[in-house]
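Participant: Chains as they are written, first to last, in this note's numbering: chain Y, 590 to 1115; chain A, 178 to 472; chain X, 266 to 578.
Some hints could be false.
[Said to hold, decoys possible] DSS-like cross-link-like pairs, simulated, lysine-lysine; straight-line CA separation at most 30 Å:
1) Y/K793 / Y/K620
2) Y/K889 / Y/K867
3) Y/K1048 / Y/K889
4) Y/K677 / Y/K761
5) Y/K710 / X/K349
6) Y/K1048 / Y/K738
7) Y/K793 / Y/K819
8) X/K349 / Y/K623
9) X/K349 / Y/K761
10) X/K349 / Y/K793
11) Y/K710 / Y/K1004
12) Y/K623 / Y/K889
[What the hints assert, rightly or not] Pulled from the structure, derived: some chain A residues nowhere near chain Y, Cβ distances all over 12 Å:
13) D243
14) L247
15) M270
16) L278
17) Y358
18) V374
19) L406
20) V408
21) Q429
Note that these hints are calculated values from the structure, not bench results.
By construction, the Cβ of each residue, glycine as well, lies at the ideal position given by its N, Cα and C atoms.
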Amino acid sequence: MMNRRDLASLLLAGLATVTLIGGPAAAAEPKTLKVSPHASLRVLDPITTNAYITRNHGYLVYDTLFSMDAGFRPQPQMVQSWTVSDDKLTYDFVLRDGLAFHDGAPVTAEDCVASLQRWAKRDLVGRRLAAATAEMKAVDPRTIRIVLKAPFGQMLQALSKPSSFVPFIMPKRIADTPPDQNITEIVGSGPFKFVAGEFQPGVKVVYERNTAYVPRSEAPSAMAGGKVAKVDRIEWISFPDMQASVNALKKGEIDLIENMTADVKATLDGAADVVIQKRSGKSAATIRFNWSQPPFSDVKVRKAVQLAVSQRDYMDAIIGDEDAYQICPSMFICGTPMESNAGVVGTVEADLAKAKAMLAQSSYKGERVVLITPNIVSFSGLAPLTQQVLRSIGINAEIQTMEWSTFLSRRTLEKPVAEGGWNLANAVFTTLDLYSPLANLNFDARGPGAYTGFVNDPKTEALKNTFAAESDPAKQKAIAEEMQTRAYDQVFYIPLGIYNNFAAYRSNVRNFIDSSIPVFWGIEKN
Amino acid sequence: MALASAPPPSPARRLLATGAGLARSRTLVIGGGLLLLLVLLSLCASWVTATDPLQIRPRARLRAPDWTYLFGTDSLGRDVFSRVLHGGQVSLMVGLLSAALAAAVGTAVGLLAGISRLVDAVVMRVVDGLMAIPSLLLAVAIVSLVGPNLLSIVSAIAIAEVPRVTRLVRGVVLTVREEPYVRAAEGLGIPTPLLLVRHILPSCIAPLVVQTTHMIAAAILAEAVLGFLGVGFPPELPTWGNILAEGRPVFQRAPWTIVFPGLFLGATVLAVNILGDGLRDRLDPRLARTVKATP
Amino acid sequence: MGYLILKRIAAAVPVVLVVATIVFFLLRLSPGDPAMVLAGDMASPQDVAEIRARLGLDRPLPVQYATWLGEMARGNFGVSILSKQPVLDLIRARLEPTFVLAFCAIVLTVLLAVPLGAIAAWYHNSWIDRVVMAMSVAGFSIPAFVIGYLLILGFSMSLDLFPSQGYVSPFDDPLAAARHLVLPSLTLAVVFMALIARVTRSSVLDVLGEDFVRTARAKGNVERRVLWRHALPNAAIPIITVIGVGVALLISGVVVTESVFNIPGVGLLTIDAILARDYPIVQGLILFFALVFVGVNLLIDIIYVVVDPRIRY
Chain Y
590 MMNRRDLASL LLAGLATVTL IGGPAAAAEP KTLKVSPHAS LRVLDPITTN AYITRNHGYL
650 VYDTLFSMDA GFRPQPQMVQ SWTVSDDKLT YDFVLRDGLA FHDGAPVTAE DCVASLQRWA
710 KRDLVGRRLA AATAEMKAVD PRTIRIVLKA PFGQMLQALS KPSSFVPFIM PKRIADTPPD
770 QNITEIVGSG PFKFVAGEFQ PGVKVVYERN TAYVPRSEAP SAMAGGKVAK VDRIEWISFP
830 DMQASVNALK KGEIDLIENM TADVKATLDG AADVVIQKRS GKSAATIRFN WSQPPFSDVK
890 VRKAVQLAVS QRDYMDAIIG DEDAYQICPS MFICGTPMES NAGVVGTVEA DLAKAKAMLA
950 QSSYKGERVV LITPNIVSFS GLAPLTQQVL RSIGINAEIQ TMEWSTFLSR RTLEKPVAEG
1010 GWNLANAVFT TLDLYSPLAN LNFDARGPGA YTGFVNDPKT EALKNTFAAE SDPAKQKAIA
1070 EEMQTRAYDQ VFYIPLGIYN NFAAYRSNVR NFIDSSIPVF WGIEKN
Chain A
178 MALASAPPPS PARRLLATGA GLARSRTLVI GGGLLLLLVL LSLCASWVTA TDPLQIRPRA
238 RLRAPDWTYL FGTDSLGRDV FSRVLHGGQV SLMVGLLSAA LAAAVGTAVG LLAGISRLVD
298 AVVMRVVDGL MAIPSLLLAV AIVSLVGPNL LSIVSAIAIA EVPRVTRLVR GVVLTVREEP
358 YVRAAEGLGI PTPLLLVRHI LPSCIAPLVV QTTHMIAAAI LAEAVLGFLG VGFPPELPTW
418 GNILAEGRPV FQRAPWTIVF PGLFLGATVL AVNILGDGLR DRLDPRLART VKATP
Chain X
266 MGYLILKRIA AAVPVVLVVA TIVFFLLRLS PGDPAMVLAG DMASPQDVAE IRARLGLDRP
326 LPVQYATWLG EMARGNFGVS ILSKQPVLDL IRARLEPTFV LAFCAIVLTV LLAVPLGAIA
386 AWYHNSWIDR VVMAMSVAGF SIPAFVIGYL LILGFSMSLD LFPSQGYVSP FDDPLAAARH
446 LVLPSLTLAV VFMALIARVT RSSVLDVLGE DFVRTARAKG NVERRVLWRH ALPNAAIPII
506 TVIGVGVALL ISGVVVTESV FNIPGVGLLT IDAILARDYP IVQGLILFFA LVFVGVNLLI
566 DIIYVVVDPR IRY
């Protein structure tokens, strides 16, 4: 006699037959790569927002004059050749042959000048370049000339600036949009075209291969080299949470998850037909102080916290996987050209006794300090642990959690806590934000009005000016070391360690380029 | 002075009279007993477990349940057992406070609407408007806008429930007002507020108790859903909703981070709902059949 | 009858107006600043001020309100702050998945919960009744996201019967659509089924006590016939009413279900918009949901007027 379990399996078998009939259609269509991106793309203009997801979208659609290779060196991308005058004040850049926008128009020097000018109004390094520039113009349709007022040693680094804001090249008619207004038409000259008709914010973004694109002949290296599109169509599919995208990858419903933490990666370990790749770009967690308000306007209070922090505790607590994190006191991030251990104080292991002694000498009198944090996943754990560390040396810390936009506006306030201000905030950066002494936000030391925290140190600003003009790598390195020593001594912020994230894809996906920024050229799907 | 008709035994007395019968009802015993156990566990959390629910242990994260950590540890090495018990305090408090607030405000507004035509016209329009907005959406919108704290979450959940209570009370008032003994009292010139308190309010008690019980269950669930959607209490506060939300990304690796808070949440809501059903059957058999549908 | 229907429609208008007012003032409670999200991490205060001015966020509240009501009346729900697309277009693009999902859930509910409730009433106080009622209490007590995850774990990840997430339009590929819809419809239907089973049970219980059923029984009609032919149809009105009221429950369920199964409907749009603090979308959505609620209930009222001559307002 049939028992209940048999009946159930029979029913399930029946259902299974139905599912087989309705199974995925045979792959006669063009090759589509289905990707779960790290966030939903909402703003399409890479100059109005510094969101990473918009930057990644920019790399698919747009091209750049120069781009950064895996060794953090600028390499020509749209540029064929360039010359520098003997006084190092005049740069001539000649464009490659055959560059064309997705609407069919050729890329001209006029387009490049307009694009660079729009970018320079938004970007920190761009502003510096603009300030040093006397004139930027199109000499002929293929030649851009930049005439400087003073030497600017970081010219190629600026033009190849890899992370937001990136000097992407777009048609002049679009680049003439004011830099705080979103462009509405997404036309680039990059290896993929944005399909506006299929764009559903929060659901799906679709790109098609740009068949007219002429890639460079060099092998790809990070953002540099030949951008050869090998899939016909790319779909970015948004997911409400990581677990859902992990399930979808396991079942082959998507091909690639661009970015995940070590914890999520662990749920994919051993999954059939899934390849996990450690991403080379690293994230860096930090504690930032509000210099404009007591008690952290007192360097001794900042030093006390510096002595109480153990990077290993932070990394164990928020990452856990020892293969995925690294203790790294370098403020320009380990593994980059400016890495050094100059001036390092504390941070690697905690010294509570010394920290308490330092606090006792300071102006701190047991008042309540406010630690603000956004309610997003990549920050979870940082604030509670920071509160625990502060309490361990007797600083009475309160966490205030808020929504991301509130967090952003709150941390620009230089007012006392009682008037809605703040004392401490955690921040997370990536290597590309920090490797350059000029672009590194932790070294924005202009005081009031500077990057959140309002570090006020004219000496550092002077060092940065010297760095910008310097073109000898050895001297640049020496200046960077001096900057780091100063930052440790004055406790600009506290680095909490760096960690890797992971990408995962189906085993039929090949040649996903290992880069800090996920790029989709070179990638193949069988 | 003789009244036209003697008032029936007051519903409050009826409630007391059935008190003895309550204990005999099996659903009441099951629901009440389970709830009592869960409430006691949460209230005595600090005695039941000595571990601090907030203590982060960098080198003890995602431990499976053992004798040190009965329910295992979460992704920051915090003790899930201690978190679940302490979290219960907040979740239960949200349930009780929201239901009490909704019941109080709803009753007051409902009584007013029941006695004044003008108030009735205005209030019922607002109530209709509020009813037309899905309660979860209203709560999510309020909390995400005002910022998550006990006051905003309790009010947000309560606001969504107020219209239901208002309608319930207004309905009872309109019915009771037509009763001969109330009309007689009115005829005798008894002031309206007194009339409300002495004669009308007691009739609302039985349906209100039942409604409030179900609102407690709904409010505890609502807190969990707010946490799940990422708009609940600040994450550093252990509540069932937050514990569940934090367990979400590591669920398949460390199921205990979801299973135990989920069990406590489910058991509590179930116990409250069973209790509500039992109360309804006991307090008002007529009600049991007609209003049963809307917890 | 036409007069009655007109009266019903007229009564629905102030409700919509009240909702509109509630929504507008609700959203101005916010302490956050959308201009900051737009300007991003490195923007100067001037950048933020410019964006605020462009969006009209710096004008006085009454002016904002009047402007806004006028826009709503003209059907202009505004433009999403983040994506710059008209809110109406965004909502329209998300309608199909939600309606398909809700439709499947309602069909499932009617097919399963109504018979279950009727059977429970028929076997009043028996073990069948108890089981149905226990399931109904459980349905109210388990959060929808827990049910959703359990279904995914069991039927998608372990048994590999259904996809774990996503949506396929039934107009493109009916079979694939069906496979994608099974688990989410079930998840969405659970609470609704709990509700409808209860209402069916109590309405049928009421009807079973009435004279004509007793007469039918006395006439020696086959027991089952009495239930399905006489009792249930007469219990239909309260059941339909509750389906109308339950639309609100369904809408709340849609938000959670779509988030668990990654279905790109209005529910997911709601959560995205709230988390991103995209004012115009949130406003448009709450108004939209309220309109759906009012519309469905209006429709049910009209059906009563048409179907049941006893009803006179």
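Participant: Evaluate each hint against the coordinates.
Facilitator: Structure-based check of all given hints:
no.	hint	verdict
1	Y/K793 / Y/K620	17 Å, holds
2	Y/K889 / Y/K867	39 Å, violated
3	Y/K1048 / Y/K889	19 Å, holds
4	Y/K677 / Y/K761	28 Å, holds
5	Y/K710 / X/K349	22 Å, holds
6	Y/K1048 / Y/K738	23 Å, holds
7	Y/K793 / Y/K819	20 Å, holds
8	X/K349 / Y/K623	25 Å, holds
9	X/K349 / Y/K761	22 Å, holds
10	X/K349 / Y/K793	16 Å, holds
11	Y/K710 / Y/K1004	28 Å, holds
12	Y/K623 / Y/K889	52 Å, violated
13	D243	18 Å, holds
14	L247	21 Å, holds
15	M270	19 Å, holds
16	L278	24 Å, holds
17	Y358	55 Å, holds
18	V374	44 Å, holds
19	L406	9 Å, violated
20	V408	8 Å, violated
21	Q429	5 Å, violated
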